[in-house]
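Student: Here are the chains, one letter per residue:
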Amino acid sequence: MKRVLPTAIAMATGFLVLLDFFFDNLYLNALGVTLINWVVIIAACALILGFLNVLAFHLRKIIQRQEGWLYSIALLVMAGTVLLGGLINLQGYRAPLVKAIFDYVQTPLQATIFSLLVFYMASAGYRAFRARNLETFLLVGACLVVLVGQAPLARYIWEQLPALKDWVLGVPATAGARGIVIGVALGSLATGVRLLVGFDRPYSE
Amino acid sequence: MLYCPHCGTSNREGSKFCNNCGELLPPSFEEGLPPEGAPPEPAQEPEWLQGLEGEAPWEPGEVLEGAEEEPEWLRELGAPAAEAGVDVKGEVAGEEGTAPWLEALAGLTEEASLEPLEKEGLLAGVKGALKVEPIFSTPHRVGEVAFSPLAGADQAARFEGIVSQPLAPVAVEERPRTRRKEVLSWLFYLILAGAVVGGILLAGGSINMPLTQATVDFYKTVESLEEGSVALLSHDYDPGTAAEITPQVRAIFDHLMRRGVKIVNLSLTPEGQALADRALEDVVSEHEGYLLGRDYINLGYVAGNEVGARFVAEGLRARLSPYPLGEGVGGLEDVDLVVVLAGSQEHLRRWVEQVQAPYKVAMVAGVSGQVDPAARPYYRSGQLKGLLSGLVGAAEYERVNQHPGIALSMMLPQAAAHLVIALFILLGNFAYLVESLGGRG
Amino acid sequence: MEVILNLLEASGIEPLAALMLVVLLVFFAFLLFTDRRVRLGFRPPLRPLPGFTLLNDFVGQAVESGRTLHVSLGAKGIGGASTADTMAGLMALERLAEQAVATGLRLVVTISDPSLLPIAQDTLRRSYERRGYPQGYDPLQVRYIAPDTIAYAAGVMGVLEREDVVASAMIGGFGDEFLLMGEKGAQKGVQQIGGASSPGTLPFVYASMDEALLGEEIYAGGGYLSSKPSHLGSLMAQDWLRSAIILAIILGVAIRTLIL
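Chains as they are written, first to last, in our numbering: chain A, 228 to 432; chain B, 216 to 656; chain C, 765 to 1024.
Any given hint might turn out to be false.
Claimed, not checked - Selected chain B positions facing chain A (Cβ under 10 Å, derived; list incomplete):
(1) S379
(2) L407
(3) G409
(4) V411
(5) Y516
(6) L627
No lab work stands behind these hints: they were computed from the structure.
Quick caveat, the model's predicted, so the values are computed rather than measured.
Yeah, the Cβ is synthetic: ideal placement off N, Cα and C, and Gly gets one too.
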């Protein structure tokens, strides 16, 4: 029973939502919308679980004085500040304190971390994009054409470079991306069908 | 390769513990075997081996008990049942094949077990599969046995010597980060930073940007909207990708407001709503008469990802009904254009799959540069009427709108960064070439 | 054709949706057939995937060094379009967890979507229970970092920097942030395998990983690592459906070019 019940629930709800997607039926629509509403509620509950996990991990780190425990204190203080700030008058993200933290702390920090990408791209490009064989030669060639061709000054280097870049992006790159997307779709289909019919049961023993 | 005596998994030379079951590995199985070319010992099957039928050894990839069973409904369908206990033999990918003697010992079918697997040597005449045991362990027997006790005692002593050695974890050979590599990395970072900063300082005005067809189509689609049309904008990006997408958003807001289009904003990401607010505040200040609630609205964060997109499509009227903008909007069919601002591939996909495909609504997208390969197929197939890609797309749109902004002024630093990275790639290949030639020479 | 369209309209299903339903049913039929074949003993030939070969070595190396193995399940979660990607990561986690528990290895699992928390913890817990060592399970081995992908990447970079990580497996749904984690690991000398399905992320996977799993290769974990019959069967079914799609594309191009 311990194994049959979760599987039965998962299969039944999965099939109902699937039927709702394919068929336009009043009762199916209503059932589908209800189930989807419940998904949103479960996702919100999962967020609470996640917060408790963060709390437990960092509290343990602080209590046991593990390496980096001061950062854990900073994290918990910030999390508590944003949480309480949003609860004041139940304004949520529009609360002045939350907005200020978002505008002057979170946004610049996220933009900064993201901008590290360009530096890491440079070092990864130097280390990894090397023409060892025909395939990697084509990879490096395409990479250089698109990198330089995408720059607005490309046509001053070679007139045809923007057109070549467009061709590389529009033909081989799109074809490759389409092939990957078709393969990924097949893989997703297989995973979904295995979950639907009960071959994969990550939710039960 | 070293083969584990307990589970049969192949391990790299030099390993002390089995990768699969964690048991201690002997130095080499070959030490226990006679040298190649040596004449085989006379075949004398010992009494204790006669008629011995062992279990099949566990092989890598073998399904763990209880881990993979047919669902009950499938079993009950009455299809010809699989042999009870037939396991699918997993094969470790990339392995070049197990040793023939191990394969022979692992022979598992009933047919194979009927014939003797070994025709000579110590195991001559043995039927059935044997459990893989360390060959130099001597089982305790009372009474006479038909094999040489001296060879067994020697192997047992060797085994005891190995087991009595203290366990010392072998340090994995690390790839040292040499001083030279660190200095090189920092040099690259400094050069790149210098190129970008230099580009910012030198950028005096807007560059004469070439226009791509995708941007022109985007512009034409917005330009074709009449005054009073309704556009739905979904801000599905975060502060990380905001650097690329916010300039697009400002340019799009500006164009829509000049056309007198009503703008409904929402976001399927929590940060998107705040980013949309900031962009709106900046652009609305340049368009007097554009009123919140009547001409534009921000519905905020809609939870649920794909589910959220469908909710919006199906429940738009209910969401807009409290506002004057909602008058005359019965549902998605009254929306003239959907603009998806996507920081990642799945944000774009969920709108195309959940809204554009079933409802056939006109849709354009502004995406981060790395989403471009995934977005292009949708544009080329016609599902997206136009596409802006990254900061370059924003700059092209500012140019075609004839309203230069931050994107155009960032083109010189971006060009500098692109060229520097391309130079590093060429440098890396040059270094590789020199190393290869140096190695061959 | 008219009859079919009228029938579909009467049933309340769009023609495109009907086509999708047909593909789904065809795949389901393929899957049932191939699954049965595999359970009866047929072994489909699998091309070697170096990423999964290295994954099998991970635990051995980590055990010998006495350090930590990091597993990332992706910056996405369960319940959306990236469910399949996350399931691929869970497959690798299941395999690594079994081996880690058997060898007493310290495992750290990082997640970005909290809906994955109970599933990842359950996978670990079941591994400990199967090995008869339930008291060894620590729910905080699974760490929820942050829902934002950049914040998640920053958290993982912190794990790679501060904790003694010898090897890292990153299979799941990733975006740009993959390069941040991958390059940090590469700079720290951590042995890494990674995989993602998004075309835009694949260059980062290729550039920063020791062995890369590209695109749909990440979904093959169940077949390569655990040889589950249903997974091996679905690999075969996928190949059949892929062949049918290729044929349809070629026929379509030929018809459009030559006839229409």
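Student: A separate judgement is required for each hint: does it hold in the structure or not?
Tutor: Outcome of the hint check:
Of the supplied interface hints, the one on S379/B is violated, with its beta-carbon coming no nearer than about 37 Å to a beta-carbon of chain A, more than 10 Å. Hint status for L407/B relative to chain A: holds, with the closest Cβ pair at about 5 Å, below 10 Å. Look at G409/B: its Cβ only gets to about 12 Å from chain A, farther than 10 Å, so that hint breaks. Taking 10 Å as the C-beta contact cut-off toward chain A, the hint placing V411/B at the interface holds, the least distance being around 8 Å.
A hinted interface residue such as Y516/B counts as satisfied when its beta carbon comes closer than 10 Å to some beta carbon of chain A; here the least separation is about 8 Å, so the hint holds. Proximity of L627/B to chain A holds as hinted, the smallest CB-CB distance being about 8 Å (cut-off 10 Å).
Of the numbered hints listed earlier, those contradicted by the structure are 1, 3.
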